[in-house]
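> Single-letter residue listing:
2 protein chains.
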Amino acid sequence: MSGLDKLQHVRPAEIEARSFEIISAELAERGVVLDPENELVVKRVIHTSADFEYAGALEFSEHATAIGVEALRGGCSVVTDTKMAAAGINKRVLAKFGGGLHNFISDADVAAEAKERGLTRSAICMERAAALEKPLVYAVGNAPTALVRLYEMLEAGEMPVAPALIVGVPVGFVNVVESKELICGLDVPHIVARGRKGGSNVAAAIVNALLYLASGNARE
Amino acid sequence: MSGLDKLQHVRPAEIEARSFEIISAELAERGVVLDPENELVVKRVIHTSADFEYAGALEFSEHATAIGVEALRGGCSVVTDTKMAAAGINKRVLAKFGGGLHNFISDADVAAEAKERGLTRSAICMERAAALEKPLVYAVGNAPTALVRLYEMLEAGEMPVAPALIVGVPVGFVNVVESKELICGLDVPHIVARGRKGGSNVAAAIVNALLYLASGNARE
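Quick mapping for you: the protein sequence lines, in order, are chains A and B.
Per my numbering, the very first residue in the first sequence carries number 15; after that it's consecutive.
Per my numbering, the very first residue in the second sequence carries number 15; after that it's consecutive.
Treat the hints as calculated values from the structure; they're not laboratory data.
Source: prediction; values computed, not measured.
Every residue, glycine too, gets a C-beta built ideally from N, C-alpha and C.
Hints should not be assumed to be uniformly reliable.
What the hints assert, rightly or not - Here are the simulated lysine-lysine pairs, PhoX-like style, with alpha carbons at most 20 Å apart: (1) B:K105 / A:K97; (2) B:K97 / A:K97; (3) B:K129 / B:K105; (4) A:K110 / A:K148; (5) B:K97 / A:K105; (6) A:K105 / A:K148; (7) B:K148 / B:K105.
Stated by the list, open to error - One side only, chain A facing chain B, incomplete, derived with CB under 7 Å: (8) R32; (9) I36; (10) A101.
Construct the complete structure from the given sequences, taking the supplied hints into account.
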């Protein structure tokens with residue numbers, strides 16, 4: 015089994031710490047200096063994607079990280095546009111602060127209403143979340159239509175309670191870039207991955223980074 | 015709401031088809047010619063990541079796509095290393111062919127055994143899957159340690175039934191590249207993303223592409 019000789023011997027508990035060391039070193043090599051306020055969020059996204067492009071692509075509204083951390087620490091719940099993002103979020107830490115996770119995508123009435131109104135299920139899910147009438151972290155990793163619906167509701171004054179934070183990181187080719195630009199133009203706390211890239215894994219990584227910061231353990 | 019003017023008007027049902035058109039056009043612009051046998055798998059990974067690097071990074075063993083399609087069509091089940099990959103796989107289509115989804119990561123005894131033996135939970139999960147003694151599609155999108163454990167078991171003759179297919183696309187910085195090289199050196203059908211990139215979303219996208227090909231509808 016000589017192929018195994020090439021493996022680094024790193025204990026399971028140390029893999030993540032070693033990964034973050036490598037990320038920090040390579041960012042330094044590239045001459046990238048991250049805003050200390052958002053540094054741990056950016057690094058966790060790079061950790062989850064192995065894609066250093068995020069060092070430049072992630073856009074934070076003023077104090078977005080601190081605002082998100084404070085909201086989650088105060089028991090704010092999270093809504094996602096996909097089950098995959100929901101699966102990736104650390105529910106244990108979220109629950110520790112009193113927060114829960116909402117995801118409406120599989121609800122039968124969501125599919126029916128989406129079909130009837132010619133909208134995506136993800137857009138309807140954002141309406142369902144808004145109807146809860148409580149502050150939420152909206153984590154959108156897949157559907158630009160979800161971001162567009164949030165924008166429309168906010169612009170039309172149709173959201174009784176504004177989002178605590180919008181994590182806007184859908185991925186793809188149709189209206190993805192545009193949907194993110196819409197969110198960046200809003201006066202609502204947001205963390206957005208500009209460009210085409212993103213994903214449910216990126217959305218989950220951002221929410222988890224905020225949760226770990228809220229726990230005082232940025233690599234929990 | 016002038017920001018909305020920039021959006022393309024694409025009906026929900028047409029978003030994916032339009033995305034694949036854009037991907038095909040941009041691959042052509044880049045002069046990339048994909049192997050027709052694996053083309054739809056590669057395109058679905060680009061669709062899920064917006065990352066054209068996968069056009070060059072995905073490595074297929076001989077007839078890996080056809081082998082995976084045939085296995086799933088025959089009712090082969092899938093095991094994943096994370097709940098996130100499990101969440102992203104189309105269980106409806108998988109079940110249509112008789113296949114199920116295994117994921118052992120949350121089992122209490124997995125965590126206990128991992129701690130006791132100094133292994134990762136993901137590595138133990140691969141042992142649990144092997145102990146089922148049936149052909150499986152092993153979809154690994156996160157943990158290189160899962161791939162390493164598969165390699166060790168195969169090399170030591172400890173797998174009573176060989177994998178139908180290994181989807182080896184973990185992401186990260188510690189032993190990720192090396193774990194994939196190990197799998198590429200095996201005489202076992204595999205689809206591997208060479209390099210650091212990958213992810214649970216990529217693992218799910220590959221399995222879904224195979225499922226849609228098995229259904230005769232590559233964009234179902």
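> Look at each hint and say if it fits the structure.
Here's how the hints hold up against the structure:
Straight-line distance between C-alpha atoms of K105 (chain B) and K97 (chain A) comes to about 12 Å, which keeps the hinted pair within the 20 Å bound. Distance check on the hinted pair: K97 (chain B) and K97 (chain A) sit about 10 Å apart at the alpha-carbon level, within 20 Å; holds. With a C-alpha separation of about 31 Å, the suggested pairing of K129 (chain B) with K105 (chain B) is violated against the 20 Å cut-off. With a CA separation close to 19 Å, the supplied pair K110 (chain A) and K148 (chain A) stays within the 20 Å bound.
With a C-alpha separation of about 12 Å, the suggested pairing of K97 (chain B) with K105 (chain A) holds against the 20 Å cut-off. With a C-alpha separation of about 19 Å, the suggested pair K105 (chain A) and K148 (chain A) falls inside the 20 Å cut-off, and the hint holds. Among the hinted pairs, K148 (chain B) with K105 (chain B) is consistent with the structure: their alpha-carbon atoms are about 19 Å apart, no more than 20 Å. Against a cut-off of 7 Å between C-beta atoms, the interface hint on R32 (chain A) holds, since the closest Cβ of chain B lies about 5 Å away.
Satisfaction of the interface hint for I36 (chain A) is found here, the shortest Cβ-Cβ separation to chain B being roughly 4 Å, below the 7 Å cut-off. With its C-beta approaching chain B no nearer than about 4 Å, A101 (chain A) sits inside the 7 Å limit, and its interface hint holds.
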